[in-house]
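Number of protein chains: 2
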Amino acid sequence: MIENPFYGHEFHGDYDLVSIGKLDLEEGGSIPDCHLAVATFGTLNDARDNAILVSTWYSGTHQIFRDVYIGPDHALNPEKYFIVVVDQIGSGLSTSPHNADGPNAGIAMSRFPKVRIGDDVVAQERLLREHFGVETLALVTGGSMGAQQTYEWAVRFPAKVLRAAPIAGTAQNTPHDFLYTKALAEAITSDPGFNGGEYTSNADVVDGLTRHAGIWAVMGFSTEFWKQEVWRALEFESKEAFLAGFLEPYFTAMDPNDLLSMAWKWQRGDVARHTGGDLAAALGRITAKTYVLPINEDMFFPVRDHVAEQELIKGSELRVIDDILGHLGLFGVAPTYIGQVDRHLKDLLDTKV
Amino acid sequence: MIENPFYGHEFHGDYDLVSIGKLDLEEGGSIPDCHLAVATFGTLNDARDNAILVSTWYSGTHQIFRDVYIGPDHALNPEKYFIVVVDQIGSGLSTSPHNADGPNAGIAMSRFPKVRIGDDVVAQERLLREHFGVETLALVTGGSMGAQQTYEWAVRFPAKVLRAAPIAGTAQNTPHDFLYTKALAEAITSDPGFNGGEYTSNADVVDGLTRHAGIWAVMGFSTEFWKQEVWRALEFESKEAFLAGFLEPYFTAMDPNDLLSMAWKWQRGDVARHTGGDLAAALGRITAKTYVLPINEDMFFPVRDHVAEQELIKGSELRVIDDILGHLGLFGVAPTYIGQVDRHLKDLLDTKV
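First to last, the sequence lines map onto chains A and B. If you number the first sequence the way the working numbering does, the last residue is 353 and the count never jumps. If you number the second sequence the way the working numbering does, the last residue is 353 and the count never jumps.
Just chain A, with the same shape it has in the complex (with noise of 0.2 Å):
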C-alpha cells in the first residue's frame, strides 16, 4: 500500500470500515479481507422496511451524496428513510489497489485482482444483511457506475429491491463507453511515472491524472456547458482556470490504480451475464419498480441508450433530467439538478409496491 491523504476522514468526513471478510471475485481471486467504507443516514424501522441503498460513480464517493442528495428536503430523507451509502471497492476508501494492507497485502498496487459490478453487489448484499439486518431495499439508486450496480441489484435480486432507480447509467455498457474508459484508462498507464502499477506516489503519474482529467472535460460535460461557459457560475475567469482549479486537482489527488480498478469495472458492467447474454431476458427478472433517469445533455451515457433498456423493464417510467451539465451534472452543481431527482425519487418512493 501507498499512502494517499485524499482517502481518509479529513477529505471524506464520517464513514466506518466494515470488514465482510474474504470477498471471493467473478474473474477469479479474491480479495482476503474485504473492507467496505459506508455512510449511514437515518435510522432503520422496527419493520426493517426503510432501507434505501446508494452506490457510487467512478471517483465518486459518499461524500457527494452526503453534500447533495441526502437532507431532510430531499427525497433521500434521513428523517424518514435509512440511507445506507456503499463506496465500491477501488473507489480508495473501501479495499483499494492502493490501500491493501495487512491480510490483503498480497494484492496492493498492480496485483489488485479485478473486480466486477456483480462483485460490489455481492459484498453490498452480504454487508446489508450480516451488519445491518437488512432484507429488502425501499429504494435502490446511484449515478453512473451507481446505475450500473443499481441494475445489478435489481436483476441478481429481484426480491430484495422494491424500488431502483439508475441515474445516467446503462444496465449493459455500451461499446462506445468501453472505448471511451479504454482512452482514459491509457492517459494514466501510458506516463512512463506509473511504472506498470508500482509508483511510489500518485504524484509520480501526475501528468498522466491530468491528461485524464482532459479527456474528461471532453466527455463529461455536454459541448452547451463550454460554449455557454457555465463554468462562470463556479467563479472561475476561463475554462483553463477552470480545468487547473476543478477539473485536474479533482483526478490528481487519486490514485491510478484506484481509478484504474474502476474504470475495468465500469467497462464490463453487463446485467446479460446473469442470462447467458440475453439482455431482454435480464431486464425481464426486474421486479422493482423502477425509474430510469438520464440527463439530457449526457454524452457518453445518452438518453436513446437508456431508453432501449427501460423499454424492456416491466412497469418502468422513463424520467429525464435536463441539465446543461451532461453527465457530471451528476455532481450537482446546476441549481436546478437536484430538484429534478429529488420530484421523481419522492414519485418512485411514494408508489405502492
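Don't read these hints as lab results, they were simulated from the structure. As the structure is a prediction and not an experimental result, all values here were calculated from the model. Fair warning: there could be bad hints in the mix.
Since the list can't tell identical chains apart, any single copy or any two copies may satisfy a pair.
[To be verified] Straight-line alpha carbon distances no greater than 25 Å define the calculated SDA-like cross-link-like pairs of lysine to any residue that follow: (1) K314 / A334; (2) K227 / V303; (3) K182 / A203; (4) K22 / A244; (5) K239 / A280; (6) K22 / E237; (7) K160 / K227; (8) K80 / T210; (9) K160 / Y337; (10) K314 / L279; (11) K352 / Q172; (12) K160 / D101; (13) K182 / R126; (14) K352 / L25; (15) K227 / T40; (16) K227 / L312; (17) K182 / A138; (18) K239 / Q267; (19) K80 / D342; (20) K182 / T210; (21) K239 / D278; (22) K80 / Y337; (23) K22 / E240; (24) K182 / R343; (25) K114 / E240; (26) K352 / L312; (27) K352 / A108; (28) K182 / T252; (29) K182 / S110; (30) K80 / F157.
Take the given structure of chain A and dock chain B to it, following the hints.
Just chain B, lined up with the frame of chain A:
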C-alpha cells in the same frame, strides 16, 4: 526533414506541388518557400467562372475527394467544373513540419511556425490567382477543417466566393472542440518517443499516435455507430479489429508534427478575428449563397453549433446530413452519405447568384 513514405504519390496518386513563394504568417514568421499540393479535375472554361475550390480536413488530403466526392456522377463534376483540391499546410503533402527542406530547412520539425486557417486561405488565393488565373469561385467547400477554410474564404474574400458549402465544421471553433483537440495533441506529445518533436521516424511515436486514434474512436464516430456495430459493414469481426485494421493504421502512418500543426490550426479557427471578435459582424460580411451542412450524429461539431452560425448568414440554408457514422461520415463510408451531399451541392450550384 524526415522520410515518411505515406506522404507521396504511391498513397496519394496524382497531384502537383506548386510553389507560391514566401508566405508570411499571421502569428509571425514565415514559410520561406511555401509549396501547396494541388489536385485538379476538369478544365477551366474561357469565362474562368467554373472553378470550385475544395480544402482538406485534419489528416485528410485531396485523395478522399478524388475517390468519394468528385466524378461525373457527382455534384463536383469535372465535366462541368474545374475543381481544385488544395491540401492544407501541415497536411504532409503541402509544406509541413516533416517535409521542410531546402529553403525551408530552418523550419523543419519542432521549429515549424504556427499556421492559421487564414494563412492557408491567403496561400490558396495566391495559388488560384497566380497559378491558375482564377479570380472568382463558383463554389468553395470542404469538411471539418475544410469547413473552417470555407468560412474563412467567404468572410475574407467575399467578392471572390459565389457559393459556399461548409460541411461538418464551424466558422468559429468551439471551446469544446478546443479541448477535444487538446486531448488529441497531448496523446501525441506525451509519448516519450515524441522527444519534443525531434523524433527520427513517426514509428518512434506509434504509442502516442495509437492513443490519438483511440480518442478519435470516441469522438469521431457516434455512440450509435458503435452500438449498431456499423463497422461490420466494413468486414471487420470486432470493434478491436476495426481499430487495429482501420483507425490505428490510418493515424500511425502519419507524421506527429504534421498532425500537431493541423491541430493547433483547428483549435484557433475563427472568422471573428476579422471583426474584433464580433462573430455576427464577420458572418454578416458573407455574400456567397451559403448552405451549411452539419452531420446529424456529429459528436464535436453538433448541429446546433452550425445552426447558431447559419442564422447569422444572409440568405443561407441549413441542410442536415443524416449519417450514423457521425463526424467521420465525411469519409463517405455509408452508402447513403454522398448522395445527400451531392443533392445539396447540386441545389446550391444550380442556384443563380
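Tested hints:
no. : hint        : in the structure
1   : K314 / A334 : neither (32 Å within a copy, 36 Å between copies)
2   : K227 / V303 : both (21 Å within a copy, 14 Å between copies)
3   : K182 / A203 : both (22 Å within a copy, 22 Å between copies)
4   : K22 / A244  : neither (40 Å within a copy, 40 Å between copies)
5   : K239 / A280 : between (42 Å within a copy, 23 Å between copies)
6   : K22 / E237  : neither (49 Å within a copy, 39 Å between copies)
7   : K160 / K227 : neither (44 Å within a copy, 31 Å between copies)
8   : K80 / T210  : neither (41 Å within a copy, 52 Å between copies)
9   : K160 / Y337 : neither (29 Å within a copy, 50 Å between copies)
10  : K314 / L279 : within (13 Å within a copy, 50 Å between copies)
11  : K352 / Q172 : neither (28 Å within a copy, 53 Å between copies)
12  : K160 / D101 : neither (33 Å within a copy, 72 Å between copies)
13  : K182 / R126 : neither (31 Å within a copy, 45 Å between copies)
14  : K352 / L25  : neither (36 Å within a copy, 70 Å between copies)
15  : K227 / T40  : neither (39 Å within a copy, 38 Å between copies)
16  : K227 / L312 : between (36 Å within a copy, 17 Å between copies)
17  : K182 / A138 : neither (35 Å within a copy, 45 Å between copies)
18  : K239 / Q267 : between (29 Å within a copy, 14 Å between copies)
19  : K80 / D342  : within (14 Å within a copy, 63 Å between copies)
20  : K182 / T210 : both (16 Å within a copy, 12 Å between copies)
21  : K239 / D278 : between (43 Å within a copy, 20 Å between copies)
22  : K80 / Y337  : within (22 Å within a copy, 56 Å between copies)
23  : K22 / E240  : neither (45 Å within a copy, 35 Å between copies)
24  : K182 / R343 : neither (35 Å within a copy, 39 Å between copies)
25  : K114 / E240 : between (35 Å within a copy, 21 Å between copies)
26  : K352 / L312 : within (21 Å within a copy, 53 Å between copies)
27  : K352 / A108 : neither (46 Å within a copy, 72 Å between copies)
28  : K182 / T252 : both (18 Å within a copy, 18 Å between copies)
29  : K182 / S110 : within (17 Å within a copy, 29 Å between copies)
30  : K80 / F157  : within (24 Å within a copy, 68 Å between copies)
The structure shown violates the earlier hints numbered 1, 4, 6, 7, 8, 9, 11, 12, 13, 14, 15, 17, 23, 24, 27.
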